[in-house]
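Engineer: What follows is each chain in one-letter form.
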Amino acid sequence: MAVAPIIELHNLCKRYGADIQAVAGVSLAVERGQLLALLGPSGCGKSTMLRLIAGLETPDSGEVWLEGNCAAGLRAWLPPEARRVGMVFQDYALFPHLTVQQNILFPLNGMRPRERHPRVAAMLDLVGLESLDERYPHQLSGGQQQRVALARALAPNPTVVLLDEPFSNLDVTLRNQMRDEVRQILQSAGATTLFVTHDQEEAFAFADTVAVMFAGEIAQVGPPRAIYLYPASREVAAFVGEANFLAGTADGNQVTCALGRLPLAVPLYGRVDVLVRPEALLLQPDPAGTARVEQVTFSGRDQTVQLTLNDGTRLRARSSPLLELSPGTQVHPTVQGPVMAYSV
Amino acid sequence: MTSTRAQITTTSTAHVSSGTRPAVARRFWPRHWGVWALILTLTVPVLVPLVVVALEIATPTPAIWSHIWATVLPTMLRNTLLLLLGVGGGTFLLGTGLAWLVTAYRFPGRGLFDWMLLLPMAMPGYILAFVFVATFDFVGPVQSALRAWFGAEVWFPNIYTPVSAILVLSLVLYPYVYLLARAAFREQSATTFDAARAMGYSRTRTFFRLVLPLARPSIAAGVTLALMETLTDFATVRFFNVPTLSEGIFRIWEGMMNRQAAMELASLLFFAALIVILVERGLRGRARFYQTGGRSRRPDPVRLRGLRCWLATGVCGGVLLVAFVLPTLQLTFWTLDEIRKAGAGGTLNVAFRQYVGTTFMLAAVAALVAVAWSFLLAHAVRLRDGRMARVTVRLATLGYAMPGAVVGVGVLLTLTTLDRAINGLAFAGWGITTGLLLTGSLIGLIYAYVVRFMAVSYNSVEASLDKVTPSMTMAARCLGARPARLLWRIHLPLVSTGIITSATLVFVDVMKELPATLLLRPFGMDTLSIWAYLLASEGFWEAAAVPSLTILAVGVIPVLFLMRLNR
Chain V
1 MAVAPIIELH
11 NLCKRYGADI
21 QAVAGVSLAV
31 ERGQLLALLG
41 PSGCGKSTML
51 RLIAGLETPD
61 SGEVWLEGNC
71 AAGLRAWLPP
81 EARRVGMVFQ
91 DYALFPHLTV
101 QQNILFPLNG
111 MRPRERHPRV
121 AAMLDLVGLE
131 SLDERYPHQL
141 SGGQQQRVAL
151 ARALAPNPTV
161 VLLDEPFSNL
171 DVTLRNQMRD
181 EVRQILQSAG
191 ATTLFVTHDQ
201 EEAFAFADTV
211 AVMFAGEIAQ
221 VGPPRAIYLY
231 PASREVAAFV
241 GEANFLAGTA
251 DGNQVTCALG
261 RLPLAVPLYG
271 RVDVLVRPEA
281 LLLQPDPAGT
291 ARVEQVTFSG
301 RDQTVQLTLN
311 DGTRLRARSS
321 PLLELSPGTQ
331 VHPTVQGPVM
341 AYSV
Chain L
345 MTSTRAQITT
355 TSTAHVSSGT
365 RPAVARRFWP
375 RHWGVWALIL
385 TLTVPVLVPL
395 VVVALEIATP
405 TPAIWSHIWA
415 TVLPTMLRNT
425 LLLLLGVGGG
435 TFLLGTGLAW
445 LVTAYRFPGR
455 GLFDWMLLLP
465 MAMPGYILAF
475 VFVATFDFVG
485 PVQSALRAWF
495 GAEVWFPNIY
505 TPVSAILVLS
515 LVLYPYVYLL
525 ARAAFREQSA
535 TTFDAARAMG
545 YSRTRTFFRL
555 VLPLARPSIA
565 AGVTLALMET
575 LTDFATVRFF
585 NVPTLSEGIF
595 RIWEGMMNRQ
605 AAMELASLLF
615 FAALIVILVE
625 RGLRGRARFY
635 QTGGRSRRPD
645 PVRLRGLRCW
655 LATGVCGGVL
665 LVAFVLPTLQ
675 LTFWTLDEIR
685 KAGAGGTLNV
695 AFRQYVGTTF
705 MLAAVAALVA
715 VAWSFLLAHA
725 VRLRDGRMAR
735 VTVRLATLGY
745 AMPGAVVGVG
755 VLLTLTTLDR
765 AINGLAFAGW
775 GITTGLLLTG
785 SLIGLIYAYV
795 VRFMAVSYNS
805 VEASLDKVTP
815 SMTMAARCLG
825 ARPARLLWRI
835 HLPLVSTGII
845 TSATLVFVDV
855 MKELPATLLL
865 RPFGMDTLSI
875 WAYLLASEGF
885 WEAAAVPSLT
895 ILAVGVIPVL
905 FLMRLNR
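Order-wise, the sequence lines are chains V and L. For the first sequence, this note's numbering assigns the number 1 to the initial residue and increments by one for each residue that follows. For the second sequence, this note's numbering assigns the number 345 to the initial residue and increments by one for each residue that follows.
Keep in mind the hints are simulated off the structure, nothing from the lab. Positions of the beta carbon are idealized from the N, C-alpha and C atoms, including for glycine. Treat the hints with care, since some could be wrong.
[As the list claims (entries may be wrong)] Stretch by stretch, here's where chain L covers chain V in the computed footprint (C-beta under 8 Å, at least three residues):
#1 73-81
#2 105-116
[Claimed, not checked] Ranges between beta-carbon positions, derived for each pair:
#3 L:538 / V:138: 11 to 21 Å
#4 L:840 / V:19: 38 to 48 Å
#5 L:415 / V:60: 53 to 63 Å
#6 V:115 / L:626: 47 to 57 Å
#7 V:138 / L:836: 56 to 66 Å
#8 V:102 / L:739: 51 to 61 Å
#9 L:402 / V:138: 36 to 46 Å
#10 V:138 / L:486: 19 to 29 Å
#11 V:97 / L:772: 51 to 61 Å
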């Protein structure tokens, strides 16, 4: 028995001018309580998707359904204020002339006056800013502003929360901290969340489902692990992480390439490109090994090793910092787990 | 390939929907019709008087054209172009230069000059012009004194040239540029400035490479205001015997009573104004500079030393002296003279009170209407941002570039037509004659002021609305604010400064306004500006000084207010 998805997009299209197809026929469903990341390079149309869902843009064709109601379609239109969508903007868009408290009160207009202040208090408590309610936005740090924006978006208890690159204005340490914090806040609020980012690490760490977008189309939807380990295309594979591609020949469940015969995750036949993630390559120092170390970049928690195979193929491997390697060493590479391959 | 994708996506909880959809769809007919209706309601009335005049152009009279081409037109065109270039350059240099001086440097008197340099805004061009003429004319005190010292043959430059007109107009119009440039400079954050300095740019080079380009939209808006005032002016140039297009329209209208010729001449001015507007749009370009993430600190002004510091003081003081202090003193002397002559004078007193009351009322009502009008329009355009909306707005603000006389004629024609229609309806329906309800009424005059000064109020309202980032508008809507609430709670408070600025500008402009008032004033109703102009054009300097000084004094109040606000 299927529960109606919170967000449903049907063949959504949006074009800017004559030649910019921002969103090209996207269909997608997001279930209640899901935390979905829209991941893609800049200009792939992911922000436009958010704006279409929020009602800040009108689709050229296709439909947006929110909680079983048609919000945008050929003959239906709900203005943004009627969609019960909470949105957190990249620049937070806090109202500079209102205090933190007034900012959070702003969306509670329809609520009974008696209930408003407890709600604001609850929101401030949720984001841990109880003591700052009288401050103005410019008196807050970036992380605090972010939390106010989140509290403000969550205050009216929206059907869905949309986050548009919310961490891009924060520095790295704060970003990681805020990511965990925001995720926790959203989960404890039980909010259905759609989140836009171009940073795959952020998408993987934040979301339970990732949708990868290229050029206005969704290339793959799945849990982070599936996206990373079993990318649906070469493009996805290269975008979500470092990738080595080796030419090979597939014959059903196995593939033959410069690294030997490897098991395939998905059966395939014919000439293919084999995807080998750097960390899937296990290196063993071996004078009779088939690969030569060219360069080692040590970064603490791991090291990146540039290899050349006997046939001249160049590969990148990531290995434990404990392994002592230096340029010129011969190593024996082995591949962990089944691999993905793509027909050429 | 396809099988791969299918297999992997099935592991996901988010699936590509198979198209089971709930049945209810809320009906919504023409999208955004409300906003469009608002935009059109606000634009059409302001545009009609201009269209009415423009339509006259479609039927040119060859006899008129060949006549004015053979006689006055070439001179008018040359003078108009000369004035535009001169005043454009003059106001840009004075406005931007002075604004940068008081923002970036510290020198004796800076705190005072900072706001006092706005004072010439209260001085209408025609007042400074007649004081200038009275002072430097052949019979004026300067030439008389020179003759007394050096004999009757002493050389003195001819003051009745376009150069004098450019000088006078630049001196009274530069505050538009100054005000906007100064605000733009102040809004720039110190970090951007420091960044450029750290890249090895000197203060001067930073100014030219960074500060000036960043302030470009504001400066362009300021210069455009000055140019539109220049195109409109007919009285200043008349004092200097410099016939321009605008002056020509007025001369033909009132002198020969040849309305057809006047209106056809207006077509040329229409295009001149159009060019100015297009150039401004071009200069502003698509550049929209937002200050995101709160206000950062301002760059610290640098203390000037030695000669340069006194030079800075001298420049600021000199401009202020010539554009405001000396003429004001002269007017004060004349006024005192006049009061002494009138004695305890009942008539002067009564006339004075009446003129002030009328002028103040007109200016306040017009400012209120114009600002409310432009704010609503800017707000509506913000909601329905698009090419069409922007073009519509450009059309709605065309009035400022039109000479007051043309706006006056347009309003006159519009109202006469309306009156005739009302009359016809009333007669057909109830058999009564309503007569001229609107023509020659206060409504007509206010209408003309709004048409004329929409650009003034709209530009500053829009400029301050630009500081509200689009994401703030979007956030408010996502948070459940309907357009009305968005306007009241977000846009209005955030642009309150811009609104007060624009109301002040309109108020001052209406007080100084001459041509449209001259044409449209209800019978027997005179304003301060008309009183001053009529007397001055007859050479009654002392008598003209009384209303002039009043215009100045009243004009200074909003300027002071403006200053306090912009601190």
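Engineer: The structure should be examined with respect to each hint, and the outcome stated for every one.
Structural biologist: These are the hints, each one checked on the structure:
no.: 1; hint: 73-81; verdict: holds (count 8)
no.: 2; hint: 105-116; verdict: holds (count 4)
no.: 3; hint: L:538 / V:138: 11 to 21 Å; verdict: holds (19 Å)
no.: 4; hint: L:840 / V:19: 38 to 48 Å; verdict: holds (41 Å)
no.: 5; hint: L:415 / V:60: 53 to 63 Å; verdict: holds (58 Å)
no.: 6; hint: V:115 / L:626: 47 to 57 Å; verdict: holds (53 Å)
no.: 7; hint: V:138 / L:836: 56 to 66 Å; verdict: violated (20 Å)
no.: 8; hint: V:102 / L:739: 51 to 61 Å; verdict: violated (38 Å)
no.: 9; hint: L:402 / V:138: 36 to 46 Å; verdict: violated (55 Å)
no.: 10; hint: V:138 / L:486: 19 to 29 Å; verdict: violated (55 Å)
no.: 11; hint: V:97 / L:772: 51 to 61 Å; verdict: holds (54 Å)
Figure legend: structure checked against the earlier numbered hints; hints not met, in rising order: 7, 8, 9 and 10.
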